[in-house]
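Here the structure of chain B is known, so what remains is to put chains U and E in place on it, guided by the hints.
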Amino acid sequence: MEAPPPGAPRSRRKVIAIVVAVILVLVAVTAAAVYYLIPAGFAGTIKVGFTISLTGTFNVEGTNSLNGIKTAANWINSHGGVVVGGKAYNVSLDFYDDQSVSGNIATLYTRIIQQDGAQFLLAPYSSGLTTAAAPLADQYNRVMLSHGGSSDAIWTQTSRRNLVEVLSPASLYLKGAVDWIKANHPTDQIAALYASDSFSSFATQAAIGYAQSIGLSVVYNQSYPATVTDLSTQLTAAKNQGAQDLIGGGHFNDGLLIMNQLKTTWTAPSPKFISLLVAVTEPTFQTQLGATANNVTGPSQWESIVSYSPSQAQSLGLTWYGPTPAEFTQLYGTLNSGATPSYHAGEAGASLLVLANAIQQSNSLNTTDVRAKLGSMHIMDFFGQFQLDSRGMQTAHSMVLVQWQAGAKKVVLPSDVADATCQYPYTGA
Amino acid sequence: MRLPAFRSLGPTIWGIGIFLILLGVSAPWIPLFLLTLLIGLLISATLAYSLNLITGLTGYVSFGHVVFMAFGGYALAFGVGTLKLPPVAGVALGAVVGLALALGIGVVTLRFRGVFFAIATLVVAVAALYIVLEIKELGDGQGIYLNVGFEPLSMFYTIWIILAIEIGVTYWITHGRIGYGIRSIKSDEDAANTLGINAARLKLSVYALSGLFAGAAGGVYAWNVSGAFPYDAFNLIFSLRMLAMIVIGGMGTLLGPLLGAVAVYIPSQFFLTVLIGFEFIIIGFVVVVIALFLPDGIVGTLRKYIPELRGILE
Amino acid sequence: MADVSLFLTDLALGLLLGCVFAVIAHGLNLIWGVAKVVNVAHGEFIMLGAYGAYWFNLWYGFNPLLSVPIDAAIGLGVGVLFYFVFLYRELRGKESMGLQSEMVTLVATFGLALFMINAVQSLWTGNNVGIPWSPGILQFGFLQLPLGGLYVAVVSVTIIGLSHIFLSKTYLGNAIRAYSQDISATRLAGINPTSTAAIGTALGFGITMAGGALLTVWLPTGIYPAMGNLYAPISFVIVVLGGPGKMWGSLVGGLTLGVIIDVGQLFVGSLSLAYAIAFLTLIPVLLLRPEGILR
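Protein chains in written order, with the working numbering: chain B, 3 to 431; chain U, 10 to 323; chain E, 958 to 1252.
Hints in this document: simulated from the structure, not taken from any laboratory. Beta carbons: idealized from backbone N, C-alpha and C, even for Gly. Heads up, a few of these hints could be off.
Claimed, not checked - Output of the computed footprint for chain B on chain E, the stretches with three or more beta carbons under 8 Å from beta carbons of chain B: (1) 1080-1087; (2) 1091-1103; (3) 1223-1229.
Only chain B is shown next, with the shape it has when bound in the complex (with noise of 0.2 Å):
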């Protein structure tokens, strides 16, 4: 860089000032122009803020979050509201698009809670985002629930003292498949192939600790990159090591990488039981696959079809709240052209329904009140049993299998919700 011009030192301070202005204004303007983009929010509403992913890496579970989030609020706010004192209260959701990138988390959060004065905040989709987010629960006081990260992690490493969880730990996902190969085929070898992201690489190794401690015999233990382009070899490997039954995966496009492969790889014999995480519960998973896709099983936090309802939870004791699944299911399609809610859409809409009934409940709006009312509360709702530990992990929601028999998905465990039963050998291939 050339020295500055000599003896011209007015105007050099003069630029010096306009250096400044110009970047600070350009600052103070775009963020003030952000600061005020406020939503309006009604008086006599309850705010519920929230960061959700429309765009990026977990757009489409967000969507379908978001989607279960709204027709929640839409069944809330038709259905005499939140009654808290002698009044009904609207709720109003305050959210913003996260991007899938937990980057976003920390200023999205504070702005909700500071900006826009949300009274409550629902949790982020996905265990990362989840625990990017925990931290402003506690620290600005605001009850936090999670509808998208199940990561044990989350409450297991740490202490979190707002943040709660609707849905059930990923430790559990593969649970009831294995327990199901115990009771029935104790003598079956296990072979775990799955994705090494976060959720399915704790989930399935969970599975397999769980597996190996009630002696079943798990004889290939695989991850992969979660963009593998080609399983063959794994596939193959595992076949060689005359494993019987395959559990793991990790999401859409691997769940179908697998089974595509399956026909070229794993054949005579194919195996004979396979349990997948997320892929399996998608409908495009069976017409993309056909007949390849018959009796495969997979975990789902919730399904549409499942027959939790007010009379069951009387026969257990239990309160209920909010819509059954049918009427759900019902108001969702309602809600998006005819659309059936995924899982996604019923633990996020689950999660809101929830703190309704906390708030209700605890006939208070202060966050202490209400956090110490989902602690001991046990109530049922359209996606299951609902009551937390003492570290605010689930404990009451029970995962549902699912398995594909002849083009329909049914839901084959645990028997109080099921209406078909599991089938076995796999056929498929």
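Just chains U and E, lined up with the frame of chain B:
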């Protein structure tokens, strides 16, 4: 090494200095949400200046700079989670890890020129993700979960100090003898070597510095998001954002990375509420236009077309 | 012996995988060798080719192999467009690609990549899609090979072989090779450098998009806007391994990568590490034999 005399400090560095001081002094009174926004901005600026050192000033385009940020983040996560260090110590650990990693990677990859260097850095960043996925101590695929509370002021001042030092280092490099050496490497490395400049050692030192600051920024980032997760930490989007910032601001300039960071980061917050999904369409388009028609970025183009600014705007 | 048969199976699968990697890298090889331009957005054009095959399958029921020539034709047009938008200004009148121009095209194509991924995502959403085509297996004793992969391998080798013949035996091909070696000499020989470079680029893009179509055979639902982020680094490594501008180099590089991944995972015990090793082979090759494995 003599520090340049106060009087001869250019207007640009004065301007930046005043801006930073104002920010630093007013921080405790800034509303919470704006404060967290500023933390994100300062992290982005630190990363931009870090890439500017090796790419803007020395002319070695790196696509894999995210690797330093990621390992800095993991260093913090490991330091705080396993070694139970306080977060600021974790950030320092991140800086050290970044420095060491840059030395290790640079010793090999800086032997390659131009596009081969770019591809080599990209490959290292991609391979690093696959390797970290298998390291149990770093949480393998599951990542490391932290909970150190949320203290925006501590985070702010940490990154503020890092950025201030980094800008100071950038100024010292560009105005000192090292600056001549680096700029000669950028224009013609072989000629520089024949002139007696030890290009290999210079490049490596600059790369090491850039790794240090990127590692520190990564540490603050991990602190901000309470964890280190492989697919999130090694996301190539970070490399792309850094590059976009210095291209838009002006590669190799003193003000460029800061302007670029503001130009890329602040509007990105808009795209979380309106025009969802359009952020990178616009950034991509702007980068193409700038690369083809205004290759010197905002600062460089201003300098080129407004002669009065040449002595003042760097 | 079970181990030997597993090794041989993995080797065969690795070779098949290598063939599809080779063809997706081949377009880059051609462009890099001819115009000396590294297209950072290369992955995005593979993605476009894959989406193209997906839609032809969706609307007309074409199987991906049939989409290959159609995608190639579209790629030709895209390539010409790309040349005139991005490269013409930089290359016109110049004798060679200096460092400054190299950086400009690097940065410009990087911006293009950003733009394309997100434009695609906004236009037709980021949902994963794919073509459900399963032609079956070929059984060779204990070797079980996917027919889809075999078809792709045949087409891939054919494309690479044809391009080699084109470059060495036809007039246009020789003109392109001359251009890549010495632009002023080419002009002296009466060949128009602009149209030569444009055609070379167009061919490169045509092959790239055809490669994207072939890739869909391997990916039942792996088509999404950002898929280029995985296949671009793979392409770069392959071209460097084989040597930019050497047609058969794509095959050598691709096969090397495929075998390292599929056989490597057997020895290292982890697919992740095998991928890491495969990528890192770039470094020793650049250090010891920067012009590529092929002589």
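Each hint tested on the structure:
no., hint, result
1, 1080-1087, "holds (count 5)"
2, 1091-1103, "holds (count 6)"
3, 1223-1229, "holds (count 4)"
The structure agrees with every numbered hint stated previously.
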